[in-house]
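Residues per chain, in single letters:
There are 2 protein chains.
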Amino acid sequence: MPSALETLKSRLADVNALHAALTMMDWDQQTYMPKGGATARAEHIGILSRMAHETFVADETRTALDASSPEAEDDEAMLRVVRRDLDLATKLPTSLVEEKSRLSAIAHERWVEARAKSDFASFAPTLERMFEIAREEAQFLGYKESIYDALLDQYEQGATAADARAMFDAIKGPQVALVKSIAAQPVIDDSLLYGDWSKTLQGEFTEMLVQAIGFDFARGRQDTAPHPFCTGWSVGDIRLTTRYKPYIGSAIFGSLHEAGHGMYEQGSPMSWDRSPLAGGVSLGVHESQSRTWENIVGRSKPFWSHFLPALQAKFPALASYDLNTFYRAINRVEPSYIRVEADELTYNLHVLVRFEIELDVLTDKLKVKDLPEAWNAKYAEYLGITPRNDAEGCLQDVHWSMGSIGYFPTYSMGNLLSYQIWNALKKDVPNTDELMASGNFAPILGWLRDNVYAQGKRYAPKELIQRVTGKPMGAEDYLAGLNAKYSEIYNL
Amino acid sequence: MPSALETLKSRLADVNALHAALTMMDWDQQTYMPKGGATARAEHIGILSRMAHETFVADETRTALDASSPEAEDDEAMLRVVRRDLDLATKLPTSLVEEKSRLSAIAHERWVEARAKSDFASFAPTLERMFEIAREEAQFLGYKESIYDALLDQYEQGATAADARAMFDAIKGPQVALVKSIAAQPVIDDSLLYGDWSKTLQGEFTEMLVQAIGFDFARGRQDTAPHPFCTGWSVGDIRLTTRYKPYIGSAIFGSLHEAGHGMYEQGSPMSWDRSPLAGGVSLGVHESQSRTWENIVGRSKPFWSHFLPALQAKFPALASYDLNTFYRAINRVEPSYIRVEADELTYNLHVLVRFEIELDVLTDKLKVKDLPEAWNAKYAEYLGITPRNDAEGCLQDVHWSMGSIGYFPTYSMGNLLSYQIWNALKKDVPNTDELMASGNFAPILGWLRDNVYAQGKRYAPKELIQRVTGKPMGAEDYLAGLNAKYSEIYNL
Chain A
1 MPSALETLKS RLADVNALHA ALTMMDWDQQ TYMPKGGATA RAEHIGILSR
51 MAHETFVADE TRTALDASSP EAEDDEAMLR VVRRDLDLAT KLPTSLVEEK
101 SRLSAIAHER WVEARAKSDF ASFAPTLERM FEIAREEAQF LGYKESIYDA
151 LLDQYEQGAT AADARAMFDA IKGPQVALVK SIAAQPVIDD SLLYGDWSKT
201 LQGEFTEMLV QAIGFDFARG RQDTAPHPFC TGWSVGDIRL TTRYKPYIGS
251 AIFGSLHEAG HGMYEQGSPM SWDRSPLAGG VSLGVHESQS RTWENIVGRS
301 KPFWSHFLPA LQAKFPALAS YDLNTFYRAI NRVEPSYIRV EADELTYNLH
351 VLVRFEIELD VLTDKLKVKD LPEAWNAKYA EYLGITPRND AEGCLQDVHW
401 SMGSIGYFPT YSMGNLLSYQ IWNALKKDVP NTDELMASGN FAPILGWLRD
451 NVYAQGKRYA PKELIQRVTG KPMGAEDYLA GLNAKYSEIY NL
Chain B
1 MPSALETLKS RLADVNALHA ALTMMDWDQQ TYMPKGGATA RAEHIGILSR
51 MAHETFVADE TRTALDASSP EAEDDEAMLR VVRRDLDLAT KLPTSLVEEK
101 SRLSAIAHER WVEARAKSDF ASFAPTLERM FEIAREEAQF LGYKESIYDA
151 LLDQYEQGAT AADARAMFDA IKGPQVALVK SIAAQPVIDD SLLYGDWSKT
201 LQGEFTEMLV QAIGFDFARG RQDTAPHPFC TGWSVGDIRL TTRYKPYIGS
251 AIFGSLHEAG HGMYEQGSPM SWDRSPLAGG VSLGVHESQS RTWENIVGRS
301 KPFWSHFLPA LQAKFPALAS YDLNTFYRAI NRVEPSYIRV EADELTYNLH
351 VLVRFEIELD VLTDKLKVKD LPEAWNAKYA EYLGITPRND AEGCLQDVHW
401 SMGSIGYFPT YSMGNLLSYQ IWNALKKDVP NTDELMASGN FAPILGWLRD
451 NVYAQGKRYA PKELIQRVTG KPMGAEDYLA GLNAKYSEIY NL
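As you go down the protein sequences, you meet chains A and B in turn. Taking our numbering, the leading residue of the first sequence gets 1, the next gets one more, and so forth. Taking our numbering, the leading residue of the second sequence gets 1, the next gets one more, and so forth.
Keep in mind that the hints were calculated from the coordinates and are not lab data.
As the list makes no split between identical chains, a pair holds if one copy fits it or if it spans any two.
Okay, derived cross-link-like pairs now, SDA-like style, lysine to any residue, Cα gap no bigger than 25 Å in a straight line:
#1 K117 with F217
#2 K301 with A212
#3 K245 with S191
#4 K471 with D169
#5 K35 with A212
#6 K35 with L277
#7 K144 with F131
#8 K485 with P302
#9 K485 with L435
#10 K91 with R50
#11 K35 with E207
#12 K35 with E204
#13 K117 with D216
#14 K365 with Y143
#15 K245 with T200
#16 K35 with F217
#17 K35 with H19
#18 K35 with Q211
#19 K35 with G446
#20 K144 with L86
#21 K314 with T200
#22 K35 with D216
This structure is a prediction, so every number in the text was calculated from the model and none was measured.
Please construct the entire structure, taking both the sequences and the accompanying hints into account.
Structure follows, in structure tokens:
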């Protein structure tokens, strides 16, 4: 006779297998699926999402959960995670879950087409339905102050629209001021980063790079996708994606970013494989690690003092540039259209635009059909530039097509947390510059693994941040880090 | 209130979604999965196989099926197909289905490793369990004469071990005689086909080739795998695989072979997508189409009179050879170790070895541990050669690791049927040589699509063969075809 806990774990294994299938179908859709597969994919994803939801929220799960008591070390944390997930999931009707999944799969194809034609109008009806679904979700999930809270909490436990607003208020002023003083300085020439770079060589170089920092190719791989992402269905099978563009930074920083996510996922104990405890604790903490490896490590001078020769050997067109020129080029600050290729400084302004637009659409202050105008007006206001078309404007991100609404603020949280966690790391690993310059990333990865990655979902996000950094999330480390870095680069 | 038929179709859609997930997980395991993903993959596949089986054999399916009556044109055929599938599936206990699936996923990794090390002993315990499972399956499925009948019937409805034996008896004598008279002729030099061929160019050339004959890349793609196969989870999403070797025929004929399977799958009406009626009617008929495009079309002189210039442009090392030399090289007959690379003439002798060994192991006349010796003895007897190691001997095929036992005879049935169907085609499309020589494959594909591919599973295999060729499966077209072809090539 199995214990209640064993019964629960067996049910969770079924849910996990269905989620693995769904995740793989999504990965395949974004990497390899031919166009003709889209219709069946949407049906398959819809059905399996319904099954996963039904299996999870079934009375048997609740009964087993309520009767379960911890039997081994990590069971208590596991039960806490499952209880929160089940409480959230139980509030959502299966029909809504199924419709959202099916629509996401279709919406992805429509978004790809609309972006290719830079035609927002053709995507608007789909997006409108997606926002309606988000509104319905929020009503089912419930909230105290803002409809946005219900959605954001799914991605970042306990975070609210007011938190997000406070965060943006704290950073907006200093960041805009910093951008202004940089604008008064001579423009950095980064034209060296543009060229007709071989895709094969970009693939080889970025694979070497992410392997060197610690991504394990025995337990993962890298493919390409229109919008890079990281996913996986086992601690032993984590998939990165990147993309190859005329701007070589797309591949390099895309790969480093996704490898940050990937190393976080690979850092869960193998014994947690397929357990609810494995993986990142929240999207904000997850993003802090992708931004750490992309920006704090990957856009640092010590990092490139080690890797520039290898890059130049691969791409002889770069051979004549010295370290400082290259370093300045990859850190050039300039308001631009595309969030994922934005510099560190203006990045959060891109996020702010999305946050405000989501909030306005959800609260009926903005109609979906008027979204491009609102988008462009905000870009003009915050970044001083106006997108020339929808493809480089409001059609650039994959997220809304996936129904990920209320998700963007976690990107900015990740930026803040990346510096906050890095400063904690530097207390224990004081010689980070030296380590990076010698290509020895093991002590850095080791500290992050011990303190963050291997903790999985053992602690709630806010508790983990407190434990790791000794304080709640704040803007000071982030602002100080940016100030120090850019004052030096721009001689401020 | 949905009708019984609608209820049935809805349940079948659920089963179809689970099978799509399983098929994709298998495709990924054979193409892209990192080693570290194997353990979780086996668990996921085991669980989803159990779910698919349980959902299908549930009382609700039977009840809905029994109460269903046809509402549209194809419903009657669909109900017949579902009834047979359900009758078979209901006989198998879910625990056995789950164990077989889980073991298959693990066995695949063990087989890859064992083959790499050419170490049968390390694979033997896994294979032993797989044969035990096959024995158990056969007992549950039931049979009249031979335990083999129960297994073979799953792949080729109505076929028995006695049928297979009769087929081999009919072809073995004439084929061995033909091979002998060829052995008395001067050996054809095919060394031109060996080289350090670029994988990228092999990929480009074979994609061009399969597209030219009619494989639709908007509804499919080609990747690489250690053992080429074709799979899919929608009429709109069919996946080929091939492999790149120093023998350029591996990629070319591997791709043409899998494209034959693929075009058969793509030929189902799109309205049948995700219906039990879509896809190939049996493995024998399926194989007839892969062999048609690989051998009858792809190893013909008219075919290469059209494509040789393109091949030579891609691979200048081949530029100095004329059509006849190339044609003779790709049709060289020589007993060899590897089935999938065997010439048309000796191919069935490879299959015969496997058929006899399966039969002996299933009936306890042969122990799994003694399999390499038995294998090598049969190769010595039928083909006059002795494999130098297990990798080129009994470890060469993927099938047993997948639990596909009782499957090999369908390969020989496919060989026979390929010529039999081709002769029927030639009555309606008399100028096939001319068409191939001008690169116009549409009339050939069109005939096969109308008569075979678009029929899906509408008729039972034997009925389809009778309808298409006017007679039951026999050896005469096949033997006559081989005799004509090789008499000319070898001046017999």
